[in-house]
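A.B. asks: Assemble the complex: chain A is given as a structure, and chain B must be docked to it using the hints.
Sequence order for the protein chains is A and B. Here the first sequence stands for residues 1 to 263, numbered as in the working numbering. Here the second sequence stands for residues 1001 to 1788, numbered as in the working numbering.
Dumping the calculated EDC-like pairs for lysine to aspartate or glutamate here, alpha-carbon to alpha-carbon at most 20 angstroms: (1) A:Lys38 x B:Glu1289; (2) B:Lys1571 x B:Glu1621; (3) A:Lys38 x B:Asp1711.
Simulated from the structure, these hints should not be mistaken for laboratory data. None of these values were measured; they are calculated from a predicted model.
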Amino acid sequence: MYAFELHKAESLAKAAALLAQTGGKALAGGQSLVAAMKLRLAVPGALVDLSAVPELKGIRKEGDAVVIGAMTRHAEVAASDVVKAAIPALSALAEGIGDRQVRNMGTLGGSLANNDPAADYPAAALGLGATINTNKRKIGADEFFKGMYETALADGEIITSVSFPVPKKAAYAKFPQPASRFALVGVFVAQTAAGVRVAVTGAASAVHRSQAMEQALAKSFTADAAKAVKIEAKGLNSDLHGSAAYRAHLVSVLAARAVAASG
Amino acid sequence: MGATEQGVIGQSVRRKEDVRFLTGAGQYTDDVTFAHQTCGYFLRSPHAHARIRSIDTAKAKAAPGVVAIFTGADLTGVNGLPCGWLITGTDGKPMNEPPHPVLAQGKVRYVGDQVALVIAETAHQARDAAELIDVDYEVLPAVVNCVDALKSGAPQIHDQAPGNKCYTWALGDKAAVDAAFAKAAHVTKLDIVNNRLIPNAIEPRAAVASYNRADDSYTLYVASQNPHVERLLMTAFVLGLPETKVRVIAPDVGGGFGSKIYLYGEETAMVWASKKVNRPIKWAADRSEAFLSDAHGRDHVTHAELALDKDGKFLAMRVHTTANMGAYLSTFASCIPTILYATLLAGQYTTPAIFCEVTASFTNTAPVDAYRGAGRPEATFVVERLAHQAAVDTGIAQDEIRRRNFIRKFPYATPVALTYDTGNYDATLDEANKMADVAGFPARKAEAAKRGKLRGIGYATYIEACGLAPSNVAGALGARAGLFECGQVRVNPTGGVTIFTGSHSHGQGHETTFAQIVASKLGIDIANVEVVHGDTGRVAFGMGTYGSRSLAVGGTAIVKALDKIVAKGKKIAAHLLEAAESDIEFKDGKFTVAGTDRSKAFAEVSLAAYVPHNYPLDKLEPGLDETAFYDPTNFTYPAGTHICEVEIDPETGVVKVVNFSACDDFGNIINPMIVAGQVHGGLTQGIGQALLESCVYDADSGQLLTGSYMDYAMPRADDVPSFNVSTKVTPCTHNPLGAKGCGEAGAIGAPAAMMNAVHDALLAVGVKGIDMPASPHRVWQAIQSARA
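For reference, chain B alone in the conformation it holds in the complex:
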């Protein structure tokens, strides 16, 4: 069996998984059904902040079909949900980490906080019974805005977090920054709100928990991005169970965007309860529940300043951000506005001094955590809005001011703790300029003006840091988990290969991309490669998928395991060919004695490994199955230029995206079609944030005002243009694939490019600043205010 065109790295191989997805044969958590299964329903708080005086479940327990009802008081011996990253504040003290109960204990702290788990024969019976639970609430004042929460007199949400503060943390050399500002020729200042978003994966969260009394073990099916982490946190930190007794399976998962990384109270309560009722329990959130209880994203309030010299060189940046943590610390909440945010503030620029201070506060809102991009879109928005405004202030062209500040020597150590290994920012900027026909923009603007429309163009030359690593450095910064990945390559006797990866695919196409790597490296047909993921019972270990890490980290682990396969294969082939191991070459799926035509096909070697009749048993174990753990030495640094062109109807405030060009550098690319798809999706979410999406809580009552698609505007197909995407390649220098990651870039670059375009268009009518989302109403109001 030789290499096929289909398997080669760099080919747009059709996604293997799409057959089952497109024909309705996907197996999602809600498709998993067991005999004697019960249904769970979570009674949620209708109040943003209230003391629970009492809970009376007597009537509900007597309702038809009810099997059991559990409240926080029943969960004895169950700990709270852990936070995976300890931030140490500027005062040297650890962050305030109030308890995050699995079910509410004495108090509810946001609308949607889970109060009781009702288990019944059917989902309807569980929901009907939940309405009979009598909770006596003492309603307390609520605060939803992250800045308001820090003001004196704000309602106190946790006893363990005085003043609702989680931490104040800082990065950078403040003295150097202050000195640079003092001698600056110009200072650009901006106040920025990074709007709160609700993730909206197409598949809402779901879980099926079951208990097997034969061996006292549990199985949890859950819509998760990282089943091993879910199991580790749930067993070791919350339930006190051995990992050997809990199997977590994340089957087909319909999108995550970060929201399914975390350990949530729902599935934890269900695992615990499955033993109590000794029956499987299924719960699938409806869309309203998803809006209320999925971890949200973004929600920063920032003041940022950029100091420039007379030539437009960036001298220093000063940033203060208040970040909303929500009511409780979700699994990785604390590291998003710190480690994944402040470290990105250098962008693509040589700004020599940067200081960023972040205060994180608790509010009476759903927990906030990583959402596609996680800290990096917020950082890019700050840097690129500053760059845009600085260009406007100084009269330097948008591309020129960026060029004057580009990093061109690599490796480059930024003043905010990262070392970029490689990049070519001029290349992506030049290409994007061509793609967007920037030269033709003035003519298009003039033509639009004749029609009464305002045209604008905006840039984002973004940097991203993917594949969070290495573990020891992250540990020193407060990470409570490792950041490696695990890959196992099992060659079957007749040469077919099963890959077990700790990465998890919930839309990314790993079953195809990883199979292409294997097919290319082993010279076998892609059809003979199966990728297994998402099951702690089958995959040795894994940290899962987040932060655009799967290829750079998970893919590399597979490559390392493949290297071990080839190394062992050479030993076997040397024996079969009666040659020295050092003379064996592996190429095109064949082990060959160098300089001869004597060879053994890959499948002949694998068969020998499993039928070791003619085999060096005295020196070599039979079998061909290798595992590798890979801990990267550095982040990867995808980068690129996004250029957006908008046309605004000043009469209605409608912003139309007329062109969006993205030239990205993701390092080496395995499957260009999948990469383009990832970019399209990311850009669409970026446009969603910039123009449409906004999570709004009522300031007084704390009720979620955007609790459905009637009020939360998701981007639709006709909200986005036909994207113009391309790539340039500088291979990552520290992983064998030379890959950097592409999953989040679109969502990172797009909001800044979009809003810079909107600001450029509105400059003509005197609008100084407008926050996201640039909805028609908001744009119209900004124009009215500027004219007034």
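For reference, chain A alone in the conformation it holds in the complex:
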């Protein structure tokens, strides 16, 4: 780790001002950023710590959606009665992120802003058709995730909360990469008011929706229907832990398991 400045913001406005002033990076839970800094792979000159910003906290039901503050820790989402009652798939997903230490520090906003290609939360946000609220605007999940570690966020833009529409049914199935236990493939399926949505993480350079799977499940929301879908391997990741063909196969298997688990 190189030397850097650490600023602690007490309000959203102050956080935005500090980011503009320092040209630094926002520090949420730090579970990816700080690790990368320790390896000298990320070299920010300044960090703006968001942990004391009151506008970024809280979990509440708002109409047909659950709204979760960006600085809400994974463990809080996992334990939230509000989330468990409205979107149990989301609390289960949060319970399965990383390990206990990561869940006690990592945040929803941090995970979405980082958009790691194997992260879990992007699959939930995309699968549920969430809206990402920032200090400047509202961004639909379909527009938010741009590519590997890329999002629609502008420099200095801060996620404030995420609004997850309550689905009719939803579930997330993850196949862990044996070493990191990030998703080698993770599939989030949801029956929403806007139709069936299927988001896939881990398999490609970034989280994405699987049209083939959505079409099949729109016709028949069953495990068998999911399993019958042949996913195209081309364009999927291939590495030490799984070929593109294996990942393509796992998308169908996990989609089927998620459908079965969605109740």
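C.D. replies: What follows is chain B alone, placed relative to chain A:
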């Protein structure tokens, strides 16, 4: 003070050392801090193979906090690191032993090879300055696979090793083997890769070196398994210093698994540099450095054949192995795939003829050396995979084919140079069969099949050779070190006992096990026994801990010293009791005149030895402090049966270990709880090798692809089942404890049992062979290929 329940041999006494470990009071090398201490950082090669055209340290030397920077060119008068075992090849010539520089000299040969030592006021300053060192590399082609390295046209790594060959070595009667194969009713053949592993002790390597100009002496704190060997090799072979001027201390050490046996360049450079800067230097590897630069393990490519008669009797075995040495010869690298491998190929079986040829090659990878089991897991994997496949080929049951070939008469001289002193292989097999409920397996398999899952069961009836010995025989085979151990028993005036052992504990629980031996032998409370180890300044000598030798060799040295204490105590007691020495008995902590109630307590005798007022000073020296060196007459031969049951999800390729039963024979056991813990740890590492762990270098660039826990899969608690372990006892016949050793057995038997279970499960879907680790991806691919 009488004997207590707590001290008796065979009791599961709670580990004395755990209080400090569990309360954070352990004192590890990185906890050692001196005034005026500096911090060291090693600049490492980013290339697998490159010529160093030049190194410019000017900018780095001017960086804030920098005290000094040293490169290979500065180390004049410093020799290379020695290899402790000279292998003589089949051509009668000594192995090729290219220089192993402390800091790179002219060339780098693997990613992580140390190029410069930067010393600064803080660790961050040292690391920052290292980034300012300008090394002009001429990048050369690299080779990482041990077979590829031997092909013509492969990049040449050392001038002193043409064709990248270290040696070709062989053991056994080739003519007898060929003759047996010619008349065999059946031949089973296998191609086997024993996957390369990275040790991953919880405490990365660390060192603190300091120089004292008052007496021109050095002190090195280092995370080591054998401080005396470290000192001997460093002083005599590399730095040319007298041993009297160097003290090596290995304080609490957080695991070694072999990787901390060796003399490494880092601490050697630091000792040398500590005089140059005249300040203490601390270095602690981070995890990334550990991945790159710790000596790795395994990495064999083998073709093996087993000849059988029509009844399933093994007639002969033929094995050819290529072993990866890495870029340089680590301290004991050369003996692992030879002396500790080929000699184990008889296993538990009467195979009358065995021939094994081993070619060792250099590659552009980290050095490879002993890792938990060291040669014996590789040998067991060959033997037990062959036994499994032979059973499949001949239709004989897995346990039956083993029974038909068991050795039952002891001592038994194998065709590969060892003589087993004792064992009862039927006993451990029978017990393991019961523990694993093998009889109920068909029903479990059928039930799993209904759920779409594939169940398999696999055996490993392994043999191990521990306590490498005797020294003269090992010397004739090329060992450049002794293989004895030293134990000293110092009885203090009021009867408390301090043990000084040359063995080193880095997780094994010696402070408890050795104290139990002393408490039992002297009839004193275990609380009155302290065990000192890991310090050349306090312990007379020691060969350290490796190869499951500590109890069988180190423990025996303590017993021999205790015998001397008791013998001297009898003389003192005879004087005090005014009786003949021959009439004195020592029992339950008391010296008694036989047939009378006249006795002296142990503490009364020790007090007399140190306050010799009423004492035979004309015949006997005061004091009660004895040392013994013990050189075993033979290896010990732990053995056992491991049975693994797996369930495979063919949809994802996930292998779940549903049951693992191990019945081991470690000879007599001092502390069953500690033994069970050692077995659990070994089995977990074995499952790690079989299912998860694999060190992978990129074939073209030579970059380490599995350089962190993001890509190198270590076993976690939920990867292993609740182990089912038990023991049977045939005492070792040639040491007074009757002990054999238990540290490595788990890692030796488990991979073969695991992979035999995986093969058994996959037989149903037509899979013929699969290499370790049987990762989900690999298992799924194997199933797809078999179905295609």
